[in-house]
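Protein chains in written order, with this note's numbering: chain A, 1 to 224; chain B, 1 to 221.
Please note that the accuracy of each hint is not assured.
Calculated cross-link-like contacts (lysine-lysine; reagent style DSBU-like; alpha-carbon spacing at most 30 Å) [stated by the list, open to error]:
no.: 1; chain 1: A; residue 1: K95; chain 2: B; residue 2: K74
no.: 2; chain 1: B; residue 1: K74; chain 2: A; residue 2: K46
no.: 3; chain 1: A; residue 1: K73; chain 2: B; residue 2: K122
no.: 4; chain 1: B; residue 1: K13; chain 2: A; residue 2: K134
no.: 5; chain 1: B; residue 1: K122; chain 2: B; residue 2: K140
no.: 6; chain 1: B; residue 1: K152; chain 2: B; residue 2: K209
no.: 7; chain 1: A; residue 1: K95; chain 2: B; residue 2: K122
no.: 8; chain 1: A; residue 1: K82; chain 2: B; residue 2: K74
no.: 9; chain 1: B; residue 1: K59; chain 2: A; residue 2: K82
no.: 10; chain 1: B; residue 1: K74; chain 2: A; residue 2: K67
no.: 11; chain 1: B; residue 1: K98; chain 2: A; residue 2: K218
no.: 12; chain 1: A; residue 1: K82; chain 2: B; residue 2: K122
no.: 13; chain 1: B; residue 1: K98; chain 2: A; residue 2: K134
no.: 14; chain 1: B; residue 1: K122; chain 2: A; residue 2: K134
no.: 15; chain 1: A; residue 1: K82; chain 2: B; residue 2: K152
no.: 16; chain 1: B; residue 1: K74; chain 2: A; residue 2: K47
no.: 17; chain 1: B; residue 1: K122; chain 2: A; residue 2: K67
no.: 18; chain 1: B; residue 1: K74; chain 2: A; residue 2: K73
no.: 19; chain 1: A; residue 1: K82; chain 2: B; residue 2: K209
Calculated from the structure, these hints are not laboratory results.
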Amino acid sequence: MLNKIVASLDAAVADVPDGASILIGGFGSAGMAEGLLAALLRQGAKKLTLISNNAGRGDGAFAQLVKQDRVSKMICSFPEAKEAYHFREKFFAGKIELELNPQGTLAERIRAGGSGIEGFYTPTGVGTEIAAGKPTMEFDGVICLLERALRADYAFVRGKAADRWGNVVYDKAQRNFNPIMAMAGRITIAEVDSIVELGALNPEHVVTPAIFVQRVVKTEAPRG
Amino acid sequence: MAKTPLTREQIAKRIAQDLPDGATVNLGIGMPTLAANYVPADREILFHSENGILGMGPKPAPGKEDPNLVNAGKEFVTMLPGGSFFSQADSFSMTRGKHVDIAVLGGMQVAPNGDLANWKIKGAPLGSIGGAMDIACGAKQVFIAMTHVTNKGEPKIVNQLSYALTALHCVTRIYTDIAVIDVTREGLVLSEVAPGYTADDVQALTEPKLLVPRAPAMIGV
Numbered sequence: 001m002l003n004k005i006v007a008s009l010d011a012a013v014a015d016v017p018d019g020a021s022i023l024i025g026g027f028g029s030a031g032m033a034e035g036l037l038a039a040l041l042r043q044g045a046k047k048l049t050l051i052s053n054n055a056g057r058g059d060g061a062f063a064q065l066v067k068q069d070r071v072s073k074m075i076c077s078f079p080e081a082k083e084a085y086h087f088r089e090k091f092f093a094g095k096i097e098l099e100l101n102p103q104g105t106l107a108e109r110i111r112a113g114g115s116g117i118e119g120f121y122t123p124t125g126v127g128t129e130i131a132a133g134k135p136t137m138e139f140d141g142v143i144c145l146l147e148r149a150l151r152a153d154y155a156f157v158r159g160k161a162a163d164r165w166g167n168v169v170y171d172k173a174q175r176n177f178n179p180i181m182a183m184a185g186r187i188t189i190a191e192v193d194s195i196v197e198l199g200a201l202n203p204e205h206v207v208t209p210a211i212f213v214q215r216v217v218k219t220e221a222p223r224g
Numbered sequence: 001m002a003k004t005p006l007t008r009e010q011i012a013k014r015i016a017q018d019l020p021d022g023a024t025v026n027l028g029i030g031m032p033t034l035a036a037n038y039v040p041a042d043r044e045i046l047f048h049s050e051n052g053i054l055g056m057g058p059k060p061a062p063g064k065e066d067p068n069l070v071n072a073g074k075e076f077v078t079m080l081p082g083g084s085f086f087s088q089a090d091s092f093s094m095t096r097g098k099h100v101d102i103a104v105l106g107g108m109q110v111a112p113n114g115d116l117a118n119w120k121i122k123g124a125p126l127g128s129i130g131g132a133m134d135i136a137c138g139a140k141q142v143f144i145a146m147t148h149v150t151n152k153g154e155p156k157i158v159n160q161l162s163y164a165l166t167a168l169h170c171v172t173r174i175y176t177d178i179a180v181i182d183v184t185r186e187g188l189v190l191s192e193v194a195p196g197y198t199a200d201d202v203q204a205l206t207e208p209k210l211l212v213p214r215a216p217a218m219i220g221v
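Chain A with its partners taken away, still in its complex shape:
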């Protein structure tokens, strides 16, 4: 029987080793796997590379990982923000490495990573400081940068509902980076409001098909 359901958030992240890279969905208050992050905070893994749009909000679990010096590298598009004060402190203290990506490039690198595409050419960033060291190529007069695929050891995904096979649906703008991160994680863990019976999700409406998800866990702090 194919059953990806894990009993608890703690059990879902128990095997995350030191040095792991983790894709973390979420944008603003929508779609971050806060329960998995809180479990990771308890679990103790360090020297982590986190890949997410932002670099932590306020004193949430993501920001706590930064505050506790558990994160050695951030790959993100929007690190400089009022609510990212823990990241700022660690960045200016030289305790955390930053790889800055344009948001669309970040998304496409992740999509490529999950799709077996090793790189792609994009006009985004040409002539800017993020172009440093990246090969360029001209296509019909348009100069483009070579960007490489991005994958990670884990992906923490936040959804509305999932079944035991690992099919996931999302609620509104909760979707954001989650479906592409699910594709690019070697072990993708979906934290959801509810776990439903097989067949309860309309196949026409499944956003993340089961093949991209390795673990499903019910959140302990449902939203809305």
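We have chain A; now place chain B onto it with these hints.
Leaving out everything else, chain B in the frame of chain A:
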């Protein structure tokens, strides 16, 4: 007539006049977002938000906020009937893939060739790009909403950028508190001026030479 620069709201209102019926529009954080409040009632605009929304509606009524329904500025929004949600990859396919008609973005500096700087303060060790680079280089038209000069009185429309570049040759029109300026192959064309301002007044606060092929109209808001 006394010189009367436009307020932030009036700049947003002026921009809203130029969003045609049926257009797909992405609004940046800050002043650009205000433009949504001034779209004439007889026009239907499809607002795109890069976190994965098309067909975004206005702010929710107090108490109706949904943490799973936020815009690119992480503010609570609503959905219009007909709206849709999608992943960030699809969202940037829409911008980078030239499906978005108009992007309205904030600006720190603009050059006569359309080069834009808007993501990092000069000399800052840390800045946030967000969607700025992808949207600036992918939208069919890029409108910039900004004050004409910095709070120290320095021109923001300059011969060459000294701030970090966002995208090359992307800006098509600039809306400031004192002028509307078109970026053309020939150079910057002064189209409109704020009440009480002359072309010479605007030129005095602008580093590159402005082209004035005909007397500029007064901005009507």
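Now the hints, each set against the structure:
1. A/K95 / B/K74: holds (28 Å)
2. B/K74 / A/K46: holds (29 Å)
3. A/K73 / B/K122: Holds - the C-alpha atoms of B/K122 and A/K73 are around 25 Å apart, at most 30 Å.
4. B/K13 / A/K134: violated (41 Å)
5. B/K122 / B/K140: Status holds; Cα separation ~27 Å.
6. B/K152 / B/K209: With a Cα-Cα distance of about 21 Å, the restraint between B/K152 and B/K209 holds, given a limit of 30 Å.
7. A/K95 / B/K122: Roughly 24 Å between the alpha carbons, so the hint for A/K95 and B/K122 holds.
8. A/K82 / B/K74: holds (12 Å)
9. B/K59 / A/K82: Holds. B/K59 to A/K82 sits at ~22 Å (cutoff 30 Å).
10. B/K74 / A/K67: holds (23 Å)
11. B/K98 / A/K218: violated (39 Å)
12. A/K82 / B/K122: Holds: A/K82 and B/K122 sit about 18 Å apart, inside 30 Å.
13. B/K98 / A/K134: Measuring from Cα to Cα gives roughly 23 Å; hence the hint holds.
14. B/K122 / A/K134: holds (23 Å)
15. A/K82 / B/K152: holds (23 Å)
16. B/K74 / A/K47: Since the Cα atoms of B/K74 and A/K47 sit roughly 29 Å apart, the hinted pair holds (cutoff 30 Å).
17. B/K122 / A/K67: holds (28 Å)
18. B/K74 / A/K73: Within the cut-off at roughly 24 Å; holds.
19. A/K82 / B/K209: violated (38 Å)
The structure fails hints 4, 11 and 19 (numbered hints given earlier, in ascending order).
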